[in-house]
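Engineer: For the protein sequence lines, the chains are W and P, in the order given. Be aware that the first sequence starts at 1, since it is given in this note's numbering, and climbs by one per residue. Be aware that the second sequence starts at 1, since it is given in this note's numbering, and climbs by one per residue.
Honestly, I wouldn't trust all of these hints.
One-sided excerpt, in silico: chain P residues whose CB lies under 7 Å from chain W [stated by the list, open to error]: (1) 68; (2) 76; (3) 80; (4) 82; (5) 83; (6) 84; (7) 91; (8) 94; (9) 107; (10) 115; (11) 134; (12) 135.
Not close to chain W: a few residues of chain P, all C-beta gaps over 10 Å, as computed [unchecked claim]: (13) 22; (14) 77; (15) 86; (16) 98; (17) 136; (18) 153; (19) 207; (20) 209; (21) 296; (22) 313.
These aren't lab readings, by the way, just hints derived from the structure by calculation. We put the beta carbon where it would ideally sit given N, CA and C, even for glycine.
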Amino acid sequence: MWGRSAMQYRASMVLTMLNSGLTASLELLGILVVFGNVHSIGGFSLPEALYLYGTAQAAFFTSDLLFTGTEYLAVRIRMGTFDGLLIRPVGILPQVFADQFTPRRLAPLVPAYAALAIGVAGAPVRWTALRIAMVPYTLLIGVAVFGAVWILVGAFQIVAADASEVMNSVTYGGQFMTSYPLSLYGRNLMLFLTFGLPLAYVNWQPTLYVLGHADPLGTPSLLRFAGPLFAAALWGLALLAWRQALRHHRSTGS
Amino acid sequence: MNSVPRPNIVSPPVAVSRPVIEAENLSKTYTLRRKSGRLKRERTTVEAVRDLNLAVAEGELLGYIGPNGAGKSTSIKMFTGILSPSSGKLRVAGLEPIRDRKQLARRIGVVFGQRTTLWWDLPLRDSFALLHRMYAVPDARFAANLKRYVALLELEPLLDTPVRQLSLGQRMRGDLTAALLHDPAVLYLDEPTIGLDVTSKAVVREFLAELNREQGTTIVLTTHDLDDIERLCRRVVVIDHGTVAYDGALTALRARVAPDRTLVVDLAEPGPAIEVPGATVTRVDGPRQWLAFPAEANAAALVAAIAARYELLDVSIRDADIEEVIRNLYTG
C-alpha cells in the first residue's frame, strides 16, 4: 500500500532503482578487480569472498527493505507528524517500518543475491544438508541483527532528534564491515566484533562453518552457531530502548 | 482463604450522563535544561498544565479555547494518548489514554488543522481504504460512512487526487472524513478552519453541527476563530496558564467579561485626547486616536457626539476578539 506512494512518481522510482542497483553492482565489480591482482583476501578465494559479501549485502538490504523506516524518524519528530502515528490503533513500530517501505529498495537485492549465487556455485565446499541449511540461516540471523540495529537507530532518533550521522556509522558501517572477511581488519577489531558489537555473527561466524575455515581467533566451533543468541539479545535491547524512547517522547512532547 | 468470590468486574455500563472525558487535577510538567555556563546546565520546570478539571458529557460540542501556550495542545495531547500526564486522573471513553492507547484510538478521531494525517502521495480513496483496514471497520459500516461523508463534504470529484494536490479546504474535508470513518465517540479538532476561505469554513461548520446533532458525536473544538465558537458551541472552556479559567455558556462569558469595543478615529489634525462622555481614549498616535466604549453602547451616537466637536476624516469600529475576551477575564 505504501509502495503505491512511490508508484505515484513512476519515472523517479525507475531511475532510483537503476541507480541503487548500479551502485551496488559497481561495488561487486570492485571486488572482481581486486581479485584480478591477488588470489585471496584474508584467506578467502574469489567465490568464497563473493559468498561472504553476498550474505552481508542480502541481509543488509533485506533489513533495509523491511525496517528502514526508523532512519527517517527524526524528520517526523521535528515536523510533529510522529504524533499522527500515536493516534492509530496499531503498533507504532510496524507503522514506522511501513512508513518508508518502497519497492525501490528491491533493486540492490539483485546484485546481492547474484554475488551469493556465484559464491555458492563456485566455492570449493562439500555441500551437506547442514551446510545448505546454514545459508538461509545466515541470512535470517543477518536480517534479524540489522533489524534490531534499525530499531536502535529509531529509538536514538526519538531521543536525540537529529543524530542520524552517528547512527549511520553503526548501520552502514556494519554493512561495510560484514561485507569483507573480518580477518582483513586485524586481531583487535575482530575481537571487538566477536565479543563487543556482535556483528561477527551476522555472517562471518556461520560462513566460517559453511566454507570450512577455522576462525583466526581460534574460537570454539560452537560459536559458529551462536547467532540466534546474540540476535535475540540485541532484539531485547532494541525493544527496551524503543520503549524507553517512546516514554521519553511522551513525557517531553515534541 | 484466597478463594473469596469476587464480583466479576467488567467495564461498567456507560450511563448517558457519564462524562466521556474526565480529567481530575490533571497536570503536565516539563523539565527544560538550559545552558547556564560553559558546561553547566540549569534545570527549570515548566508547568504546561496544572490541576485541570474537566468533565465533558457525551454529545457535547465544546469550545476549547485559550491564548497560545496556555496548555490547550498539551491537554489535548494527553486526552488523545500522545502525551502522558505527570499527575492527576484522566479517563476518556472509559479508558486510560496512555495505557489503553490502541483501544482509545478506535474510539477517537483527531484532526490537526495544520498537519494532515493523510498519506501525502496517495489519493484520498487509498488513504480511506488504508484506514478501513487499520481500524478494522466492518465493510458495510465503512461503505455507508464513506458514502455519507463524501456526499456531505462534496468529496466525490476529489477521491482520486493525491493529497498533496488538494487545496487546504479540500484537504481539511478529507481529514474530517478520515477521522470519522470508524465512528469515533469523540472528535478532537485543532484549528479546523485555520487558513480556510469563507465558503470552506461554512461547509466545515455546517458539517460539524450536523455531525453533533445527528450522530451525537462529542466534539472538542480548539480554535482562535470566535465565529467558530459562536456558531457551534454552547459551552466554552477557556484554558489559561495551564488550567481552566472559565467553564460555561458562551453568552455568560460575554456578559461576564463584557469587553469594550474600540472606536478608531482619524482627525483632520493632531490634537489633545478627545473628551467625550461614554468613551475613554486609550491611545493617541498623531491625528489617530483609539477610544474604548462599552459593548452595549450606541456606536452611532458616540460617533455623532465626536463629529459635533471635532473634524473627522475616518472612523472604524472593532469588536473585541477572543484574545481580548480572555485577557479581560483575567484583568477584569
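Engineer: Next step is simple, just say for each hint if it's right about the structure.
Structural biologist: Evaluated hints:
With a least beta-carbon distance of about 15 Å to chain W, the hint placing residue 68/P at the interface is violated under the 7 Å criterion. Hint on residue 76/P is violated. Least Cβ distance to chain W is approximately 10 Å, over the 7 Å limit. Residue-level restraint check for residue 80/P holds (minimum Cβ-Cβ distance to chain W is 6 Å; threshold 7 Å). The beta carbon of residue 82/P is positioned within 7 Å of a beta carbon in chain W (closest approach about 5 Å), and the interface hint is therefore held.
With 7 Å as the threshold, the beta carbon of residue 83/P comes within range of chain W, its nearest partner Cβ sitting at about 5 Å, so the hint holds. Using the Cβ-Cβ criterion of 7 Å, the hint placing residue 84/P at the interface with chain W is satisfied: the shortest such distance is roughly 4 Å. Of the supplied interface hints, the one on residue 91/P is violated, with its beta-carbon coming no nearer than about 17 Å to a beta-carbon of chain W, more than 7 Å. Restraint check, residue 94/P versus chain W: the minimum CB separation of about 16 Å is more than 7 Å; hint violated.
Here the hint on residue 107/P is broken, as its CB sits about 9 Å from the closest CB of chain W, past 7 Å. For residue 115/P, the shortest C-beta to C-beta distance to chain W is roughly 6 Å, which falls under 7 Å, so the interface hint holds. The interface hint given for residue 134/P is met, as the beta carbon of that residue sits about 6 Å from the closest beta carbon of chain W, less than 7 Å. With a cut of 7 Å, the hint placing residue 135/P at the interface with chain W holds, because the nearest CB-to-CB distance is about 6 Å.
Non-interface call for residue 22/P relative to chain W: holds, since the shortest CB-CB distance, roughly 19 Å, exceeds 10 Å. The claim that residue 77/P is not at the interface with chain W is violated, since a C-beta of that chain comes within 10 Å of its own (minimum 7 Å). Separation of residue 86/P from chain W is inadequate, the least Cβ-Cβ distance of about 8 Å not exceeding the 10 Å criterion. Against chain W, the non-interface label of residue 98/P is violated: not every CB pair exceeds 10 Å, the least being about 7 Å.
Chain W draws residue 136/P into its interface by the beta-carbon criterion, the shortest separation being 8 Å against a cut-off of 10 Å. Chain W leaves residue 153/P outside its interface by the beta-carbon criterion, the shortest separation being 20 Å against a cut-off of 10 Å. Listed as a non-interface residue, residue 207/P keeps its Cβ farther than 10 Å from every Cβ of chain W; the least gap is roughly 21 Å. Listed as a non-interface residue, residue 209/P keeps its Cβ farther than 10 Å from every Cβ of chain W; the least gap is roughly 24 Å.
For residue 296/P, the requirement that its beta carbon stay farther than 10 Å from each beta carbon of chain W is met, with the minimum near 42 Å. For residue 313/P, the non-interface assignment is confirmed: its Cβ lies about 47 Å from the closest Cβ of chain W, beyond the 10 Å cut-off.
Hints 1, 2, 7, 8, 9, 14, 15, 16 and 17, counting from the list given before, are not met by this structure.
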